[in-house]
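K.L.:
Now for the letters of each chain:
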Amino acid sequence: MTTDGKQVRVGVDIGGTFTDIAMEIGSDLHSTKLLTDYSYPENAIVKGIETVCEAAGVPLSAIDLVIHGTTLATNALIERRGARTALITTKGFRDVIEMRTESRFEQYDLNIVLPAPLVSRDDRFVLDERIGPDGAVLKPLDDAEVDALCDRIIAKGFESVAIGLIHSYLNDSHERRVRDRLLAKAPGMAVSISAEVSPQMREFQRFNTVCANAFVKPLIASYLNRLVSRLKDAGTDCPVFMIHSGGGIISVESAIEFPVRLLESGPAGGAIFAADVATSYGIDQVVSYDMGGTTAKICLIEGQVPKTSKTFEVARTWRFKKGSGMPISIPVIEMVEIGAGGGSIASVDNMRQIRVGPHSAGSEPGPACYGRGGDQPTVTDADLLLGRLDPDAFAGGKMKLDRAASEAALTRELSDRLGIDSTTAAFGIGEMVDENMSNAARMHAVENGKELGDFTMIAFGGAAPLHASRLCEKLAIDTLLIPQGAGVGSAIGFLRAPFGFESVRSAYSRLSAFDADAINATIRDLAAEATGFARRGTPDGALDLECTAYMRYVGQGWEVPVPIEVRDYAQADGKGFRALFDDCYERFFGRVIEGLDVEIVSWSLRASSRVPTPIKVSRTERQRAAPVAGTRKLFDAAQNRFNDAHVVERHVMQPGDWVAGPAVITERETSTIVTASRDAILQADGCLLIAAKA
Amino acid sequence: MSSTTLSDVHKQIMWNRLISVVEEQAVTLIRTAFSTSVRESGDLSAGVFNRAGLMIAQAVTGTPGHVNAMAEAVGHFINDIGRDNIFEGDVYITNDPWKGTGHLHDFTVVSPSFRDGALVGFFACTAHVVDVGGRGFGPDANEVYEEGIFVPIMKFATRGTVNQDLVNILRNNVREAHQVVGDVYSLAACNEIGHRRLMDMMDEFVLCDLEGLADFIFKRSYDATIEAIAALPRGQYDNVMRVDGYAEPIDIAVHLDVHADHIICDFAGTSPPSPKGINCPLIYSAAYACYALKCSVAPEIPNNHYSLLPFKVKAPEDCILNVKRPAPVSVRHVLGHLVPDAVLGAVHKMLPGQVPAEGAGALWNLHVSCRPLRGVKDGQRAEVLLFNSGGAGARPTLDGLSATAFPSGVHSMSIEATEHVGPVIFWRKELRDGSGGAGEFRGGLGQVVEIAPTAGHEIYFNAMFDRVAYPPRGREGGEDGAPGVVRLDDGTVLAAKGRQHVPEGRRLVLELPGGGGYGPASARGAEADARDRAFEYVLND
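Protein chains in written order, with this note's numbering: chain W, 390 to 1083; chain H, 6 to 546.
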């Protein structure tokens, strides 16, 4: 274990296209990217780890820790590849997951198709029981009815069973009893209960979440067990941990029990990566921007902590539109994801407007310029025509981009239809995709009561450095950081994550009837649960507890998250809660409303280990002009013209080297565009700092 | 590259941005609103207008029922306030059903937007507030005077100073005064957000006014709409649809006259006004007529003054879809929500094989007043509002959507959350087996809702339900959807409209209508049929 006394830690991120490996030995980083193996994802992992070990000159046995994140669970939900699952629910509520919110996600389309429920109607069974809104039993559970139902379910050959009963987040006794009786008859059955998977009020979200957990559970269990033994066989002798949606690390055993917590764990790694950079620089308000081939993801990071949410939507079926997917209520790093990537396809709509995305040419057939059979104009084709990409130096020169093919695609699909030249068409594509991303970022900020103008942007992912400067212009953001290793940002982020777990619970109370005992009990329960999970990864060492109460004025529908100190409260503390809420509400919406009672709707509590504080980096100011390797024609969208831009190779830049925009800074995996309104300075830690010209 | 073409691409980008600006305005409103129907069902709208008061862009978030009303509102404000009486920092307000969105519960707030001292345009937004006094939300008033406070178009703020007299009057005329006044301030604040974003945008794109951009948007939208209309078969198409009404049935008659560059939708022949509050001001009927036409003719063109202009809606003065003051209009949504199906019936004659069969249409909104029984201590009084949707009509190539709102854009509320609001228990809320009209494509299923007061309580509810006597009709040989049923669990049949009582120990049972089928049931595929049986969507015999 360890090498030269330095810890050897490996982060592994399985994405839709690539499997990224990042190995850190002390502060040295070795990374690689492999194509994802869909049938046996563990093969690419082992191969990748062997590759980085060879490059670093260490044996596999020297690895101390593997931290893994995967889109496997997300993909299983999108593709509906999961276990044959039954749902047991309360009589009268068989169709909750099918009726959804009784709404259409698109108002003007008469032919929309709603996503089918994860568990179809013939696989949903009911029990004549009922818990009331105060947690009291309104109708007791009948054991004979339960046993008869268990027999039916076993006879039908289900592989996994979800149990979701009304108000179980207040009283889980019925759900537990059904599980116990089912397991007594079928000891090996995979059973998930909603009171454990997602103890939050709102039946559609909770039932769907427990169904999703049950649906992917056998698949994830078999994969993780295979992975652990493959890594052992390959010669590692170290624990494997998983990154979860909320950005913490949990044990493989916890992940097998609650696989729904693995959803969106890759993007969570990216947010942690950005938060780590923010911490190094001591920046309090950050928007992270990750753009790949298919989508762009945007996350707010304040006080070096990515913003979290208690619910999100996965597997959207229609243009990433809200409401076209399924809700999952678990703690998650909150992001907006839109169909805007390098492969996003441009077209002309019936108002003769240029539209970009959400369809992507992906890597196969890819943008027209890849010459792999793609003939639709994409964002990458536009970037090439605008001088943002060098046709001869793409992917470290391994791949030559075909400018003529880009031009032909844009001309055929856009120029000819709109009567504009191909440069104007390329400008239109670039601006439209940048508008789509900046509008999504602005909307996300407004939903959180923030103004992006005060934020710093941290950009990573293959396509982000090409677009980030322009995005900053549109969002009036002055400072942009593009870290090193941005191509495998999520995998590096895994290595920066704490051991930790966030527990959530709906527990309703009004401040006018403040009950300190009840609140103390809720906080204690949450702390015990979250700490228990965190301790499976880090048996000793300090844990930080952060508690949030979700509060609102009585009568409102949205809650404001209010940080609450973890301690015992006394009856007199009700006033303090009110003051905390007023403060938060005013920061969100600009003013408080007098004369209204305030209610607490739910709670969350996060327990996390302390991660080593990243080395502080102070901002390096410009010292000398960076060596210029050449010039290139580069289109500047704000100035609306081509400029002669300096080309600088990132790997020869020294800290303090700077270049004035318009400029292109090239590296193996991508290029960073510095627009005419900005300057770039290389920082001590290898980050590029791109700031608005004074 | 030529500067004209480049500026066109620039204008496209600015058009996109403008839609994003009003979207931010709408989202801000949803986040701060008290009214359940705003936050859960998007019963709001937001838009930006040019100097003349013509709508340039409208938020996608919002309800179809506000579309035309929003577009015309600012014109009324400019008229009534007076052009030379408009100052920076002003905020205007009204809930006039005939100049706003059809009933007193909707407040519309308009703010002029100034840049460097010059008027560049207006922001407007509308939201449904919790209460307006009067009889409360229900159909039982005989005149609009009984339905609550009426605020004619006036200044809510003059040069930044709020009219405290108005606030005081409002506060003393509504239930839940804090929430209502809070919502009015929210409306003003969300216009302010729109204004700030617009100023940022004008800085970025170096604009000193919106007129050139507005002209571009108007021309593109108008041309695209006209192009879609020109492709339609010209002619005249009629339809009549009979629905329950309040005391007697109502015919909605639609006459479409399709010209090369516009469509006239005339409601001549429609039944006369009702003595109760299910009447619609024309502006509201027009919004839902336009919605149906836009869905079937030009769904992708964003709403603005010129994209709506080619759709002209009229109705005779003595008709329930064009009532005049002082007719009661409180629950005008019941009839308004049925208008699209009536219009689509005429569209079907013009474009066979493209539009759905009739569906449940109007939401089955359930507004429950919970009261403790006499002598019960610690009882709870509460008002509980719940949206329920029946089945939508089958489409020409797809089954209808089950328990899904159309044309309204509502979201239903969580039962668990609702049970925390008041002393009621829902014993059932699930699909209603066998309620979809049979057909090659089956109508969407309705749903069954069973609700009871908790021990020691009784409930009253305002029924506003339709499609009980006249169920949604199938199309092209498809069968009708099941009619709605309103009853108690002991079998007592209740009325579909008006205030009624549910005693302790009884359950109110609502069986919502299913959608009509499309095409003959004999043509339904064996696989679809087997699935319907396995899933018990149809009653197995």
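Keep in mind that the hints were calculated from the coordinates and are not lab data.
Predicted model only: the values in this text are computed from it and were never measured.
Here a beta-carbon is modelled for each residue, glycine too, at the ideal position from N, C-alpha and C.
A portion of the hints provided could be inaccurate.
List time: in silico DSSO-like cross-link candidates among lysine-lysine, alpha-carbon distance up to 27 Å [to be verified]:
{"no.": "1", "chain 1": "W", "residue 1": "K1005", "chain 2": "W", "residue 2": "K787"}
{"no.": "2", "chain 1": "H", "residue 1": "K329", "chain 2": "H", "residue 2": "K224"}
{"no.": "3", "chain 1": "H", "residue 1": "K104", "chain 2": "H", "residue 2": "K329"}
{"no.": "4", "chain 1": "W", "residue 1": "K1082", "chain 2": "W", "residue 2": "K1005"}
{"no.": "5", "chain 1": "H", "residue 1": "K104", "chain 2": "H", "residue 2": "K382"}
{"no.": "6", "chain 1": "H", "residue 1": "K329", "chain 2": "W", "residue 2": "K528"}
{"no.": "7", "chain 1": "H", "residue 1": "K16", "chain 2": "W", "residue 2": "K1022"}
{"no.": "8", "chain 1": "W", "residue 1": "K710", "chain 2": "H", "residue 2": "K382"}
{"no.": "9", "chain 1": "H", "residue 1": "K329", "chain 2": "H", "residue 2": "K319"}
Incomplete in silico selection of chain H near chain W, CB under 7 Å [said to hold, decoys possible]:
{"no.": "10", "residue": "E424"}
{"no.": "11", "residue": "A500"}
{"no.": "12", "residue": "G503"}
{"no.": "13", "residue": "Q505"}
{"no.": "14", "residue": "A535"}
K.L.:
Now, for every hint given, state plainly whether the structure supports it.
P.N.:
How the hints compare with the structure:
1. With a CA separation close to 36 Å, the supplied pair K1005(W) and K787(W) exceeds the 27 Å bound.
2. Between K329(H) and K224(H) the alpha-carbon distance is near 34 Å, which puts this suggested pair outside the 27 Å criterion.
3. Note on K104(H) and K329(H): the hinted pairing holds, with a Cα-Cα distance of about 12 Å set against a maximum of 27 Å.
4. Taking the CA atoms of K1082(W) and K1005(W), the gap is near 25 Å; set against the 27 Å cutoff, the hint holds.
5. A C-alpha spacing of about 46 Å is found between K104(H) and K382(H), which places the hinted pair above 27 Å, so the restraint is violated.
6. Proposed proximity of K329(H) and K528(W) is contradicted: the alpha carbons are some 52 Å apart, above 27 Å.
7. At most 27 Å may separate the alpha-carbon atoms for a hinted pair to count; K16(H) and K1022(W) meet this at roughly 25 Å.
8. About 49 Å separates the Cα atoms of K710(W) and K382(H), which puts this hinted pair outside 27 Å; it is violated.
9. Among the hinted pairs, K329(H) with K319(H) is consistent with the structure: their alpha-carbon atoms are about 14 Å apart, no more than 27 Å.
10. Because the closest C-beta pair between E424(H) and chain W is about 4 Å apart, less than 7 Å, the hint holds.
11. With its C-beta approaching chain W no nearer than about 24 Å, A500(H) sits outside the 7 Å limit, and its interface hint is violated.
12. At a threshold of 7 Å, the smallest CB-CB gap from G503(H) to chain W is about 24 Å, leaving the interface hint violated.
13. For Q505(H), the interface hint is violated, the least distance from its beta-carbon to any beta-carbon of chain W being 22 Å, above 7 Å.
14. Nearest Cβ of chain W to the Cβ of A535(H): about 11 Å, over the 7 Å cut. The hint is violated.
Of the numbered hints listed earlier, those contradicted by the structure are 1, 2, 5, 6, 8, 11, 12, 13, 14.
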